[in-house]
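If you read the sequences in order, they're chains Y and R. Sequential numbering of the first sequence, starting at 2, is according to our numbering. Sequential numbering of the second sequence, starting at 815, is according to our numbering.
Possibly wrong hints are sitting among the right ones.
[What the hints assert, rightly or not] Here are the computed lysine-lysine pairs in the DSSO-like style, where the Cα-Cα straight-line distance is at most 30 Å:
#: 1; chain 1: R; residue 1: LYS893; chain 2: Y; residue 2: LYS637
#: 2; chain 1: Y; residue 1: LYS637; chain 2: R; residue 2: LYS947
#: 3; chain 1: R; residue 1: LYS964; chain 2: Y; residue 2: LYS637
#: 4; chain 1: Y; residue 1: LYS365; chain 2: Y; residue 2: LYS137
#: 5; chain 1: Y; residue 1: LYS137; chain 2: Y; residue 2: LYS384
#: 6; chain 1: Y; residue 1: LYS502; chain 2: Y; residue 2: LYS374
#: 7; chain 1: R; residue 1: LYS893; chain 2: Y; residue 2: LYS588
#: 8; chain 1: Y; residue 1: LYS519; chain 2: Y; residue 2: LYS355
#: 9; chain 1: Y; residue 1: LYS32; chain 2: Y; residue 2: LYS522
[Unchecked claim] Counterexamples of contact, computed for chain Y against chain R with all Cβ distances above 12 Å:
#: 10; residue: GLN28
#: 11; residue: ARG214
#: 12; residue: THR318
#: 13; residue: GLU372
#: 14; residue: PHE481
#: 15; residue: ILE533
#: 16; residue: ASP610
#: 17; residue: GLU669
[Unchecked claim] Some chain Y residues judged to face chain R by a derived CB distance under 8 Å, without partners named:
#: 18; residue: ALA212
#: 19; residue: TRP590
#: 20; residue: CYS648
#: 21; residue: SER655
Keep in mind the hints are simulated off the structure, nothing from the lab. Just so you know, even glycine gets a beta-carbon here, dropped at the ideal spot from N, CA and C.
Now for the letters of each chain:
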Amino acid sequence: MSEFAGNDSLLEMFLYETSQNLEQLEQIILKTEEAGGFSEEAVKEIFRIMHTIKGSAAMMSFEDISKLAHRMEDLFFIIRENPAVSYSSSEISDLVLACMDCLHRELQSIRDGDAAGSEECRRMIERVEQLHAVMKSRVDNTPAADSPSKASGSPAAAQGGNISGNRFEAKITFEPDCGMENIRAFFVIQDLQPLCAALAYEPSELDDEAAKRIREQGFLLHITTPLSRDELVRHLSQTALLKDLEVKEAAQEPKPAKKAQEEPKQTKSDVTTDEYRFQPQSMISVGVAKLDRLLDLMGEAIIAEAMVTESPDLPATPMPDFRKATARLRRIMQEMQDAVMSLRLVPLAGTFQKMFRIVRDMGKKLNKQIELKISGEDTEVDKNVIEHLSDPLIHMIRNSIDHGIESPDERVAAGKPAYGTIRLDAHSAGGDVIITISDDGRGLNREKILKKAKQNGLLNRPEEDMTDREVYNMIFLPGFSTKENVTEFSGRGVGMDVVVKNLSAVGGTVSVDSTPGKGMKVTMKIPLTIAIIDGMNVVVGDLKYTIPTSAIRETFRPTKDQIFTDTEGNEMVWLRGECLSLYRMYKLWNIPTNITEPTDGILVLIEQDGKRRCFMVDSLLGRQQVVVKRLPSYVKRGDRLAHAAGCTLLGDGSISLILDVPWLVGAEI
Amino acid sequence: MDQRQSPFVSEQDEDTLLNRYLIFSLASEEYALEIRHVTEIVGLQPITFLPEMPGYIKGIINLRGSIVPIMDLRLRFGKESREYDERTCIVICRMEDINIGLIVDRVSEVCTIPAEDVAPTPAVKKDSHRFVKGVCKTDGKVKLILDSHKIVAEDDVPAVKSTVAGGEGR
Chain Y
2 MSEFAGNDSL
12 LEMFLYETSQ
22 NLEQLEQIIL
32 KTEEAGGFSE
42 EAVKEIFRIM
52 HTIKGSAAMM
62 SFEDISKLAH
72 RMEDLFFIIR
82 ENPAVSYSSS
92 EISDLVLACM
102 DCLHRELQSI
112 RDGDAAGSEE
122 CRRMIERVEQ
132 LHAVMKSRVD
142 NTPAADSPSK
152 ASGSPAAAQG
162 GNISGNRFEA
172 KITFEPDCGM
182 ENIRAFFVIQ
192 DLQPLCAALA
202 YEPSELDDEA
212 AKRIREQGFL
222 LHITTPLSRD
232 ELVRHLSQTA
242 LLKDLEVKEA
252 AQEPKPAKKA
262 QEEPKQTKSD
272 VTTDEYRFQP
282 QSMISVGVAK
292 LDRLLDLMGE
302 AIIAEAMVTE
312 SPDLPATPMP
322 DFRKATARLR
332 RIMQEMQDAV
342 MSLRLVPLAG
352 TFQKMFRIVR
362 DMGKKLNKQI
372 ELKISGEDTE
382 VDKNVIEHLS
392 DPLIHMIRNS
402 IDHGIESPDE
412 RVAAGKPAYG
422 TIRLDAHSAG
432 GDVIITISDD
442 GRGLNREKIL
452 KKAKQNGLLN
462 RPEEDMTDRE
472 VYNMIFLPGF
482 STKENVTEFS
492 GRGVGMDVVV
502 KNLSAVGGTV
512 SVDSTPGKGM
522 KVTMKIPLTI
532 AIIDGMNVVV
542 GDLKYTIPTS
552 AIRETFRPTK
562 DQIFTDTEGN
572 EMVWLRGECL
582 SLYRMYKLWN
592 IPTNITEPTD
602 GILVLIEQDG
612 KRRCFMVDSL
622 LGRQQVVVKR
632 LPSYVKRGDR
642 LAHAAGCTLL
652 GDGSISLILD
662 VPWLVGAEI
Chain R
815 MDQRQSPFVS
825 EQDEDTLLNR
835 YLIFSLASEE
845 YALEIRHVTE
855 IVGLQPITFL
865 PEMPGYIKGI
875 INLRGSIVPI
885 MDLRLRFGKE
895 SREYDERTCI
905 VICRMEDINI
915 GLIVDRVSEV
925 CTIPAEDVAP
935 TPAVKKDSHR
945 FVKGVCKTDG
955 KVKLILDSHK
965 IVAEDDVPAV
975 KSTVAGGEGR
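Bound-form chain R, shown alone (with noise of 0.2 Å):
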C-alpha cells in the first residue's frame, strides 16, 4: 500500500499539484480535495460491514488485496444518506499516512483554484465549519475546500459510544 503512488503525482515536479484540486458533489454542494491526497477513483463495491465503526464508516474493502477502510462522506458531514447510485464513487486517499475510501456523490472534474481565489470561511459559531477551511467562487458555483486532516481526525468519542449502547438494548 505503502508503495501506490498518486497517479496524479508527477514525480519530478511536485509544484503541478499546488493548488490543483478534486471537485466532487454530495447533495446540491460542490467540494474539493486537495488533489496530492488523491490515489484512485474506483467505482462502488461490495463494503464488508464492521461492528464497533461510528456510524460513518460503512466498512472495509478489498482493493487488489489491500484492505481500506470505507467512510461515507454525507453521513461524516452529518448529512442525509441516500440510495448509492451508478455515478457514486470511491475516492481512495491517502492522508496523514491512512488510506481511506470516501463516498461521494459523483466526482466531476480537476481543476486548478489559484490560492488568491480561496476566501476563509466566516467564524460563525464554533464546530460550525468543521471540515471547510475555505471557499472558492469559480465559473459561477461556489465550492467548499475540505480540510483533509479533519476528515480522518480522531472523532469525537460519542459517536462510538451511542452504537455500543444501542448494541447493549437489543
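Here chain Y stands alone, though its shape is the one from the complex (with noise of 0.2 Å):
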C-alpha cells in the first residue's frame, strides 16, 4: 500500500473499495453456507459487488479481473432469473471463494506494482464459463421453471449497479383515516415510476399490513432520480389527502436490502435476510500519514498549551478570569486528544470475521466439524495494532483445530458433542485488549510437552518445580513443537514462537491455560495502541529515557553488598536469591552523569520474554502516558542508537528517548 501513497488515489480507492467488497462477498457466502443455501437476498447481494468490481475494474483497465467479475455476474444472473434453477450450492461457493482468493491476488500482485491479469486468473474464468454453461443449459431445458413474475427482472439488472441521479428519502404521511392507505401509496408508486431511476419503498408489500404501518409510520421512499429535489416535492405533493410530506437527501448509496424490492409480488425466501444487509456507509478513508500528522499536532498543542498556561512571564496576582479560561481549554484539549486518539482505532470485526473462513476451510479439508464463535468483535484497537493481531489469531485458531479439536468419531466417544467449538473473544481492560481464543478439544498434555522440551533442551529447570501454567507455556519457546506429524496447517515447530514475535512487535503478550480433557485457552494481551504507550521516564545524566512499563518488573536502590563482579569484569546484582546482570546506562553509552555508584541511584529491573536485566539510571522521573514518535532516521544511522526504540516529548517540551526492550533485554551488551 505504501508504494502508492498519495501518488496514484484512483488506484488506491480502486484496490480499497475493492477488497472492502470482497469482504463483504466472503461474509456472505459464509452466511449462505451456515443457512444452506442462497437466500434471494444473498444473490442479489454478490451480483451486485460483481456488477461493481466488473465496473471499476474496466475503469481502470484490469480487463482479467473485469472479465472474471463479469463471468461471475453472469452465474449469478442465471440464478437470480431462474430460482427454480437447480443447483448444488456449495459447489457454488467453492467456486465463489476461490475465485475471490484469485481477486485478492490479483489485488495485491497490483499493489506490488505488478501487471495485473495472470494465469491463474483466466483459468479461473474458464472455470466459472464452464460452469455458467452447465448452468444455462439446465435453464434452457426447463423453460418452465422461470417464474412469469420475474418478467420484469431484468430492468432491475440496471439498478444492481451504478445508478446515476439524485437520491432522496421521502416519507409521506397520509390524512388520518383516509384509508386504503397502502392502495394510496401503490398509485403514488405507479406516479413515480417512470420518473425515477430507481425507486424503492418501505413497506416493501402493500398488503394490509402495510396499511397499518404506513398509517402508524408514514411511507418511506428511497428515490433516485434526475429531478431535482424542488421538482419532486412538487410532484410528490400532488398526492391526493397528503398530510405531510418530508423529502432529504439521501446518504452516499441507499441501502441495498431496501433498494432491492423493486418487484412488487416478490417472494418471500425462507433464509433470513437480515444478515446481508450492510451498515449504512457515512464514512470516509483517510490516509493513515494524515491522521499520524493529526496526532503531531494535538501533541504540540497540549505542550503549547502548558507553556502558556504556566509561563513565568504570568502575574503572581490571582486571575480567576485567566484561571477559568485555561481550565476550560485544558478540559477541551483533552477531550479533542481522547477524539484524535480514537481516530485511528479500528474495529476487531474485520480481523475475526477473516477466522470464519480459516475454520471453514480447515474443518472441510481434516474432516472435523467446528463452530466458530465470536464475541466482542466490536473492540477497537489502534490500526497498527491490528495489522500484527491476524497472523498470531490465524496461527492459534490453526493450532487449536489441528492439535485441539478431535475428530467427531472420537469426542462422541469422550462423551462431547461431535460439533467442536472454538471461542474468540475481545474485551477492553484499561490500556490494554485481551483477546482470548477458547477451544473444548483434547487440551494440552503436560507429559508430552516436557518430554518434547527435554529433547529439544528447552528444560532449564527440575520439572517437578514446574507448575501446569509454566509448562503448557513452553509451546511458546522457539523450535517447539508437539505434534509428531507435519500437516499442511501447522506443526512445523516455527508456529507458536511466531505468535509472540508479532505480538511483541506490538508490546503484547500471550499465554495459555488448559485443562486436559477439557480444551484449551489462549489469551493474548495487547495494548489498544502502539502509538501511545505507558512509559515510566527515568534520568541519566541530562538525558531522560522512556521505559514502556509493561517491561519493568520492578525498581530499587540496591545495598552495596548486593552488588559483584565477576572474573571478567561483568557487574552483577543479588535480587531475592537471583542473579541478575547489571549494566549502568551511563557507561553505556557514555553519558556524563554525577551519580556513578548503583547504591547512588536507581536499578530497574526489566523483564521480557523470560529474560531479565537490571539496568541503573539515576533516578525515577514518573509514570506517564506518551505519544511515541519516530527518531529521524539521520540520528538511527548505522549501529546507532540501537537501544532506542523512537523518542516521545515530554510535558515541558523536553525530549525523551523510548529505550527499545527487546534489545535491552537481548542484545550483546
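Can you join these two chains into the complex? Each is in its own frame, and there are hints to help.
Right, here's the structure in full:
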C-alpha cells in the first residue's frame, strides 16, 4: 500500500473498495453456507458486488479482473432470474471463494506494482464459464421453471450497479382516517416510477398489513431520480389526501436491502435476509499519514497549552478569569486528544470475520466439525496493532483445529458433542485489549510437553518445580512442536514463537492455560495502541529515557553487598536468591553524570520473554502515557542508537528517548 | 514534516530559486547554501543531547512536534567550536530527504550568484575541499559554496568509533 501513498489515489481507491467488496462477499458466502442455501437477497448482493467490481476494474483497465467479475455476474444472473434452477450451493460457494482468492491475489500483485492478469485468473474465468454453460443448459431445458413474475426483473439488473441521479428519501404521511393507505401508496409508486432511475419503498409489500404500518409510521421512499429536490417535492405534493411530506437528500447509497425491492410481488425467502444488510456507509477513508500528522499537532498543542498556562511571565496576582479560561481550554484539549486518538482505532470485526474462512477451510480438509463463535468483535484497537494481529490469530486457531479439536468419533466417545467449538472473544481492560481463543478440544498434555522440551533442550529447571501453567507456556518457546507429524496447516515447530514475535512487535503478550480433556485457552494481551504507551520516565545525566512500564518488574536501590563483579568485570546484582546482570546506563552510552554508583542511583529490573536484566539509572521521574515518535533516520544511521525505539515529547517540551525493550534484554552489551 | 515546503519556494516557478543562495558565516568565512534546501531559520533552542553520535551532531530539537537532528557546522568542518550567542542561528534544511538543522554563527542574506561567477575550487590535495564545491567573489568578499550532499553524507566511521572507545575508558 505504501508504495502508492498519495501518488495514485484512484488506484488506491479501487484497491480499497474492491477488497472491501470482497470481504463483504466472503461474509455473505459463509453465512449462506451456514443457512444451507442462497437466499434471494444473497444472490442479489453477490450480483451487485460482482457488478461493482466489474465496473471499477474495467475503468482501471484491469481486464482480467473485470472479465472474471463479469462471468461471476452472469452466473448469478442465471440464479437470480431462475430461482427454480437446480444447482449445488456448496459447489457455487467453493467457486466463489476460489474466485475471491484469485481476485485477492490479483489485488496484491497490483499493490506490489506487478502487472495484473495472471494465468490463474484466466483459468478461473474458464471454470466459471464452464459452470455457467452447465447452468444455462439446465435453464434452457426447463423453461417452465421460469417464474413469470420475474419478467420485470431484467431492468432491475441495471439497478444493481451504478445508477446516476440524485438520491432522496421521502416520507409521506396520509391524512388520518383516509383509509386504504396501501392502495394510495401504490398509486404514488405508479406515478413516480417513470420519473425515477430507481425506486424502493418501505413497507415493501403493499398488503393490508402495510396499510396499518403506513398509517402509523408513514410511507418511506428511496428515490434515485434526475429530478431536483424541488421538482420532486412538487410532484409528490400532488398526492391526494397528503398530510405531510418530508424529502431529504439521501446518504451516498440507499441501503441495498431496501433498494432491491423493485418487484412488488416478491416471494419471501426462507433464509433470513437481515444478515445481509450492510451498515449504512457514512464513512470516509483517510490516509494514516494524515492522522499521524494530526496526532503530532495534537501533542504539540498540549505542550503549547502548558507553556502558556504555566508561563513564568504571568503575574503572580490571582487571575480568576484567566484560570477559568485555561481550565476550559485544558478540558477541551483533553477531549480533543481522546477524539484524535479514537480516529486511529478500528474494530476487530474485520480480523475476526476472516477466521470463519480459516475454520471452514480447515474443518473441511481435516474432516472435523467445528463451530466458531465470536464475541466482542466491536472492541477497537489501533490500526497499527490490528495489522500485527491477524497472523497470530490465524496461527492459534489453526493450532486449535489441528491439535486441539478431536475428530467427531473421538469426541462422541469422550462424551462431547461431535461439533467442536472455538470461541474467539475480545474485550478491553484498561489500556489493553484482551483476546482469548478457547476450544473444547483435548487440551494440552503436560507429560508430552515436558518430554518434548527435554528433547529439544528447552528444559532448564527440574520438572517437579514447574507448575502446569509454566509447562503449558513452554509451547511458545522457539523450536517447540508437540505434533509428531507435520500437517499442511501447523506443526512445523515454527508456529508458536512466531505468535510471540508478532505480538511483542506491538508490545503484546500471550499465555496459555488448559484443562486436560476439556480444552485450552489462549489469552493475548495487546495494548490498545502503540502510538501511545505507558512509560516510566527516568533520568541518566542530562538525558531522559522512557521505559515501557509493561517491561518493568521492579525498581529498587541496591545495597553495597548486593552488587558484585565476576572475573571478566561483568557486574551483577543479587536479588532475592537470583543473580541478575547489571548494566550502568551512563557507561553503556557514555553519558556524563554525577551519579556513578549503583547505591546512589536506582536499578530498574526489566523482563521480557523470560529474560531479565537490571539497568542502573540516576533517578525516576514518574510514570505517564507518552506519544511515540520515530527518531529521524539520520541519527539512527549505522548501529547508532540501537537501544532507542523512538522518542517522545514530555509535558515540558523536552525530548525523552524510548528504550527498546527487546534490545535491552536481548542485545550483547 | 514531509508536507513542509520551503517558504522560499514559489510554487509556480522553481527557476526563481536557481542560483539563489543563503549566505551565512562561520568564524571569518562566508558560506553559501542553495536556497532550495532551506526550510526555515530558527533561533537557538534547547538541544537534547544524544549518545553515540559523532561530535558534530549536537542532538535533536523538537520543532513544533517534529524531531530534527542538529549539526554544529563549525564542528562538521573541523573548526573550533565557540559559545553560542544571540546571533547564533539554526538553519533548518531538507537535503537528500533528510531534515536537519545546521548551527551557524550568523545568517546574513539571500543573494543571487550567477553560475558564471562560480569558480571551481583548485585541487590542492585529496579531501581538502570536502564540503565546498565552488567559490565566488561578490562585493569584494569570497563565499564558499557548500555541497549539501557532502554535509549529510554518511561520515567516515572513525568519528563514531572514537566516541564509543572514549565511553569504555570511563
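Results for each hint:
no., hint, in the structure
1, R/LYS893 / Y/LYS637, "holds, 25 Å"
2, Y/LYS637 / R/LYS947, "holds, 27 Å"
3, R/LYS964 / Y/LYS637, "holds, 18 Å"
4, Y/LYS365 / Y/LYS137, "holds, 29 Å"
5, Y/LYS137 / Y/LYS384, "violated, 45 Å"
6, Y/LYS502 / Y/LYS374, "holds, 26 Å"
7, R/LYS893 / Y/LYS588, "holds, 28 Å"
8, Y/LYS519 / Y/LYS355, "holds, 26 Å"
9, Y/LYS32 / Y/LYS522, "holds, 26 Å"
10, GLN28, "holds, 37 Å"
11, ARG214, "holds, 53 Å"
12, THR318, "holds, 29 Å"
13, GLU372, "holds, 48 Å"
14, PHE481, "holds, 36 Å"
15, ILE533, "holds, 15 Å"
16, ASP610, "holds, 25 Å"
17, GLU669, "holds, 14 Å"
18, ALA212, "violated, 59 Å"
19, TRP590, "holds, 3 Å"
20, CYS648, "holds, 6 Å"
21, SER655, "holds, 7 Å"
Of the numbered hints stated above, those contradicted by the structure are hints 5, 18, listed in ascending order.
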